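Trainee: Here's the letter readout for the chains.
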Amino acid sequence: MKLHEYQSKQIFAKYGVPIPKGRVAATAAEARQIAEELGGRVVVKAQVLVGGRGKAGGIKLAKTPEEAEERATEILAMKLKGLPVRKVLIDEAANIAKEIYLGITNDRAARKPVMMASAEGGVEIEEVARTMPEKIIKIHIDPLLGLRGYQTRDLALGIDLPKEHWKAFSKVCFGLWEAYQKSDATLAEINPLVITDEGEILAVDGKMIIDDNALFRHPDLAEMRDLDVEAPEETEARKYGLSYIKLDGNIGCMVNGAGLAMTTMDVIKLYGGEPANFLDIGGGANAEKVAAAFRIILSEPNVKAVLINIFGGITRGDEVARGILAAMEEVKPQVPMVARIVGTNAEEGRRLLANANMITAETLVEAAQKAVAAAKGGAQ
Amino acid sequence: MSILVNKDTRVVVQGITGREGMFHTTQMVAYGTNVVAGVTPGKGGQWVLDDKIPVFDTVKKAVETTGANTSVIFVPARFAADAIFEAADAGVELIVCITEGIPVQDMMRVRAYLDQKGSRLVGPNCPGLLTPGEAKVGIIPGNIAIPGNVGVVSRSGTLTYEVLYAMKLLGIGATTTVGIGGDPINGTSFLDALKMFEEDPQTEKVVLIGEIGGTDEQKAAQYIADHMTKPVVGFIAGQTAPPGKRMGHAGAIVEGGEGTAAEKIEALEKAGVKVAKHPEEIAHILKDL
Chain A
1 MKLHEYQSKQ
11 IFAKYGVPIP
21 KGRVAATAAE
31 ARQIAEELGG
41 RVVVKAQVLV
51 GGRGKAGGIK
61 LAKTPEEAEE
71 RATEILAMKL
81 KGLPVRKVLI
91 DEAANIAKEI
101 YLGITNDRAA
111 RKPVMMASAE
121 GGVEIEEVAR
131 TMPEKIIKIH
141 IDPLLGLRGY
151 QTRDLALGID
161 LPKEHWKAFS
171 KVCFGLWEAY
181 QKSDATLAEI
191 NPLVITDEGE
201 ILAVDGKMII
211 DDNALFRHPD
221 LAEMRDLDVE
231 APEETEARKY
241 GLSYIKLDGN
251 IGCMVNGAGL
261 AMTTMDVIKL
271 YGGEPANFLD
281 IGGGANAEKV
291 AAAFRIILSE
301 PNVKAVLINI
311 FGGITRGDEV
321 ARGILAAMEE
331 VKPQVPMVAR
341 IVGTNAEEGR
351 RLLANANMIT
361 AETLVEAAQK
371 AVAAAKGGAQ
Chain P
1 MSILVNKDTR
11 VVVQGITGRE
21 GMFHTTQMVA
31 YGTNVVAGVT
41 PGKGGQWVLD
51 DKIPVFDTVK
61 KAVETTGANT
71 SVIFVPARFA
81 ADAIFEAADA
91 GVELIVCITE
101 GIPVQDMMRV
111 RAYLDQKGSR
121 LVGPNCPGLL
131 TPGEAKVGII
141 PGNIAIPGNV
151 GVVSRSGTLT
161 YEVLYAMKLL
171 GIGATTTVGI
181 GGDPINGTSF
191 LDALKMFEED
201 PQTEKVVLIG
211 EIGGTDEQKA
221 AQYIADHMTK
231 PVVGFIAGQT
241 APPGKRMGHA
251 GAIVEGGEGT
261 AAEKIEALEK
271 AGVKVAKHPE
281 EIAHILKDL
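Chains A and P are the protein sequences, given in the same order. So the first sequence is numbered by this note's numbering: it starts at 1 and just counts up by one. So the second sequence is numbered by this note's numbering: it starts at 1 and just counts up by one.
Hints are computed from structural coordinates only; laboratory data are not their basis. Because the structure is a prediction, the values reported are computed rather than measured. Certain hints may be false.
Computed list of lysine to aspartate or glutamate pairs in EDC-like fashion (alpha-carbon distance at most 16 Å, straight line) [claimed, not checked]:
| hint | chain 1 | residue 1 | chain 2 | residue 2 |
| --- | --- | --- | --- | --- |
| 1 | P | K245 | A | D212 |
| 2 | P | K245 | A | E234 |
| 3 | A | K112 | P | D115 |
Label-pair restraints from in silico Cβ distances [to be verified]:
| hint | chain 1 | residue 1 | chain 2 | residue 2 | range |
| --- | --- | --- | --- | --- | --- |
| 4 | P | F23 | A | E288 | 15 to 21 Å |
| 5 | A | L61 | P | P243 | 30 to 36 Å |
| 6 | A | V229 | P | W47 | 47 to 53 Å |
| 7 | A | E274 | P | K61 | 52 to 58 Å |
Chain A side only, calculated, beta carbon under 8 Å to chain P, not exhaustive [to be verified]:
| hint | residue |
| --- | --- |
| 8 | A109 |
| 9 | E126 |
| 10 | F216 |
| 11 | L247 |
| 12 | L260 |
| 13 | V267 |
| 14 | P275 |
| 15 | D280 |
Glycine included, every Cβ here is placed at the ideal spot set by N, Cα and C.
If we strip away everything but chain A, and leave its shape as in the complex, we get:
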């Protein structure tokens, strides 16, 4: 789950990372009031969960409260990469002398957190990684020991940071580490971390991604979820414990298990069709869950056929079939439904579904071929 800049920076500040004075505003009038309180020049920044806000015109400087109000009016009316701007952050403008990159993320291959610093701050770090990988200094952190002081000096030395800033830089590193660890983040990033003309260190921008699996112990963070970044169906799916991703095709899929769900999409494509979604209903195909899955899949008007692929295993095939039939009763789908069920008593399950006018298949390939044909209008 991604956090907004203002949310990330508030968390950083809690752990001792200096951030500019400022507040978030939902209206231009509020923006003006905040600018008046701050006095002097301010930056008006769109709070939208997309990269490249500056280039898209979502970050503007304002010299007076009046200007801040005008800029906020413009920015609050914008859509950046399709997402509406609902809030702007009004921050005191910093006099930037130098821009640094500092971030922590999980290094999957090393199975450890990695802290990265670069003297090339303010630009996309992926771009630096691609063009000048030697400019990124990386240190791995032992998850049992935590960040050590000497490691922050390794980073400072690596990016040629003048010695007078080492102490303040080290404090920022520890603050960021704490923020990452205590929030169960998968990414905590300051870009840029600036050194001002006055010689102070400030986190001017911030980004955090929180591990969805850890939200149970962070109810305060869970509340920060911005629903604008996901399709409404994805939000609905999460309520029922379903994992759903909308795609562009016209064959809806309902599958148990993530690997099998991806494979079902792949096999549809292999036989000339296009999947409309990824959907993993998880274990236990009960009628309520299946009905929710049907509603979500069929809410997409492009869907011309639905493929149900359930590998029952221990669950009995006839029970799965009864769950599907109960859900059909409720949702009453108007498109052809192809079902493939494997498991104990699968034959009985297939018979029940065929009686209800569903197209049945024994293998995944057969099911995919039938679904592709049905979506093209070649069946029924």
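Keeping the supplied structure of chain A fixed, place chain P upon it in accordance with the hints.
Mentor: Using the frame of chain A, we list chain P on its own:
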């Protein structure tokens, strides 16, 4: 022969009195697995499954009393990391964690700790292990696989069942199936499992079922190219998955252009692996090998 589990494996079930734990313990025992103990804190002294299996408060007590050497974990995600630490501290050699949804920072600490302790972890977020005809430690349905000479290693659950079932329909059996799980940070890797299959005399062919995300399949491909003498058949799920979207499994995501199905298939094919286009084809390729 087999790897990791066989008829002599002595299993302790952590979370045995929970709904999942009880259900799957019943299934494991019905399959013939030697389940010797269960653990649920606060329920020590009880007996379950027709009074055949003793329940202990701690893994340490269970190991001391019953000589359990393998643990299977069914406890909820918020307690799962603790359960793994407890099993490792009790000296359990093999820990199989079925639990899904463990925070990734918990898993980084678990991995760092286990690397010091020397216990082997399989999972988490995995279906466990099945040595057909001998033992099932986890949730893989016993009736979909038969004993044979193929080692199977997979990041997925039901997709693995699909492959085992397709093999069974063609009369092809497995030595052991290892579900390594769908999380970004896990215990046993593809590489670990391949090394064990390479050394297992009964395993003559190997199936590797991967998916998008990470670079474990590429590392496996390197090992296959350099060291593997047995033929490997591969499959990678997620060829149609869009980048930046997590496809169910926490580990199944294409990030920064890395971890695509295409690059994994290319690495495997370069290493001489026959990569199937769909799961049923795996069984057909095995038959012709």
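Trainee: Please go over all the hints and tell whether each is borne out by the structure.
Mentor: Hint check:
This hinted pair checks out: K245 of chain P and D212 of chain A have alpha carbons roughly 13 Å apart, not beyond 16 Å. With a CA separation close to 12 Å, the supplied pair K245 of chain P and E234 of chain A stays within the 16 Å bound. With a C-alpha separation of about 12 Å, the suggested pairing of K112 of chain A with D115 of chain P holds against the 16 Å cut-off. Judged by the Cβ atoms, the range 15 to 21 Å given for F23 of chain P and E288 of chain A holds: they are separated by roughly 20 Å.
For the pair L61 of chain A and P243 of chain P, the supplied restraint of 30 to 36 Å holds, since their beta-carbon distance comes to about 34 Å. At roughly 51 Å, the beta-carbon separation of V229 of chain A and W47 of chain P lies within the given 47 to 53 Å, and the hint holds. At roughly 56 Å, the beta carbons of E274 of chain A and K61 of chain P sit within the given window of 52 to 58 Å. The beta carbon of A109 of chain A comes within 6 Å of a beta carbon in chain P, closer than 8 Å, and the hint placing it at the interface holds.
Below 8 Å, beta-carbon pairs count as interface contacts, and E126 of chain A has one with chain P at about 6 Å; its hint therefore holds. Annotation: F216 of chain A was flagged as interfacial toward chain P, and the flag holds, the nearest CB pair being 6 Å apart, inside 8 Å. Given the 8 Å rule on beta carbons, the hint for L247 of chain A holds: about 7 Å separates it from the nearest Cβ of chain P. For L260 of chain A, the shortest C-beta to C-beta distance to chain P is roughly 4 Å, which falls under 8 Å, so the interface hint holds.
Proximity of V267 of chain A to chain P holds as hinted, the smallest CB-CB distance being about 5 Å (cut-off 8 Å). The beta carbon of P275 of chain A is positioned within 8 Å of a beta carbon in chain P (closest approach about 6 Å), and the interface hint is therefore held. Below 8 Å, beta-carbon pairs count as interface contacts, and D280 of chain A has one with chain P at about 4 Å; its hint therefore holds.
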